[in-house]
Amino acid sequence: MAEHKYLMFLGCAIPYRVAAYEISARKVLKKLGVELVEMPEFNCCGLPLDPVSHETMLILAARNLAIAEQKGLDIITLCPGCAGTLKKVNKMLKEDKVLREEINKHLKEAGLEFKGNVNAKHIMQVLIEDVGLEKIKDMVVKPLTMIKVAEHNGCHILRPKEFIGFDDPEDPKTLKTLIEATGATCLDYMDETECCGAPSVGVNDKIALQLARDKLNHIKMVDAQAMITICPFCHIMYDTNELRIEKMFNEAYGIPVLHYPQLLGLAMGIQAEELAFNELRVDVSKILSKVCEGGK
Amino acid sequence: MTETLEKPIRATEINPKFKYEIAKMHGGEKLMRCFQCGTCTSDCPVARFSDTYRPRQIIRLAQLGLKDRVLKSDTLWLCAACFTCTDRCPQDVEVASVIRVLRNLAAEQGIVPRVFTEEGSSILESGYAYRIPELRLKKRETLGLPPLPKGNVESIRKTLHDVGFFKKCVEKKGE
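Top to bottom, those sequences are chains Z and C. The first sequence: position 197 = 197 (the numbering used here), numbered continuously. The second sequence: position 161 = 457 (the numbering used here), numbered continuously.
It is worth saying that the hints were derived from the structure and are not from the lab. The beta carbon of each residue, even a glycine, is placed where N, CA and C say it ideally should be. Careful: at least some of the hints might be erroneous.
[What the hints assert, rightly or not] One side only, chain C facing chain Z, incomplete, derived with CB under 7 Å:
{"hint": "1", "residue": "331"}
{"hint": "2", "residue": "345"}
{"hint": "3", "residue": "379"}
{"hint": "4", "residue": "399"}
{"hint": "5", "residue": "406"}
{"hint": "6", "residue": "408"}
{"hint": "7", "residue": "419"}
{"hint": "8", "residue": "438"}
{"hint": "9", "residue": "442"}
{"hint": "10", "residue": "448"}
{"hint": "11", "residue": "451"}
Construct all of the structure, not just a fragment, from the sequences and the given hints.
Shown next as structure tokens:
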């Protein structure tokens, strides 16, 4: 029987183009005893529209929280943007009665009400707080001691601290700890907490890609064999766009970008074929063969 | 756009009440605390690669009440919302939130980069910010993933029908 039960909030980016993250996360969570219930209906968390209409963001986020309340379940997200937004709005509406009433007026039009009795968590938070490091370590049957990787947290899992508040945004430890639990070495590098640039895509692609390139340079410097992400947007920036960055700036990286659940899945003994590595753009054969050889 | 920021400032351009307008909005409350130390700009990852984007300058323009210059500036849309400035500001100005307030005010004047209107219409049509191709939905099945939850479009429209941005978004689409 599942020990933890969550409402799965997929967000927009993952079903749009980041299937590998969802596939690997579902496999890993199932094995760790986390049961996922699908959202009965869905709307965007609201974050993409915050720049043009804060009110819209509040309503869209509150709408999802109200639906989760009807289900009586806490929300799990794979996207830090969704998690951050749902957490932030949950806190704001719980603390500010006037704002809550204002937003509830909109929700009432659709027969919904925000009450403030569920929580939203990102998968990383569920892994570290609910499943627990000990259990994760127990489930590792194939320690990945043969590989050295670099982590990339992304912004919205760390900042603003006031709303996210489960790791230190200046010196984050959670993802590192989770990576080390798989047996892999997690390398330090320059500007680890820097933005991937994804939010600037569509406004100024050049700046966005320069940001991503900077990070790839820093990771290359420490000879990381792969980069590990926990955000669909960061993953798009580094994996989907890596070739584009290489061409644009005449660089050669060849750094595979893995979703954390793919790495954990390998360590938990899930077959590589089941973890959707074929959905990734950058060639992963080198690191996979290293993992397979090392296991023999 | 640098031009907008570098032209000499005329006293008649200044709207002394603008800062109070900002301070009344969620996230803009602490604008007046900024003493121009420059932590935001020096820590800003976008500023490093842009010749024009300077969060400190945006805050100063807002404080001075140079409403048109700041709201009509392209640079306003360059913030990546990484919140580094917000977390590191020694005055707790919540710089990224002030910038978001300014963008919201620009949007009220009809200044909205296309990417946002597209996402807005997509949400009204499907619940999702991006138009997910039919092929992707079908592929989920072969990948062993559960069907994607549908957006309750009618209900979403009801909750958003009197929001200014959506009125504009929908009206524009109808044109």
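Each hint tested on the structure:
no. : hint : in the structure
1   : 331  : violated (20 Å)
2   : 345  : holds (4 Å)
3   : 379  : holds (4 Å)
4   : 399  : holds (5 Å)
5   : 406  : violated (11 Å)
6   : 408  : holds (5 Å)
7   : 419  : holds (5 Å)
8   : 438  : violated (11 Å)
9   : 442  : holds (6 Å)
10  : 448  : holds (4 Å)
11  : 451  : holds (4 Å)
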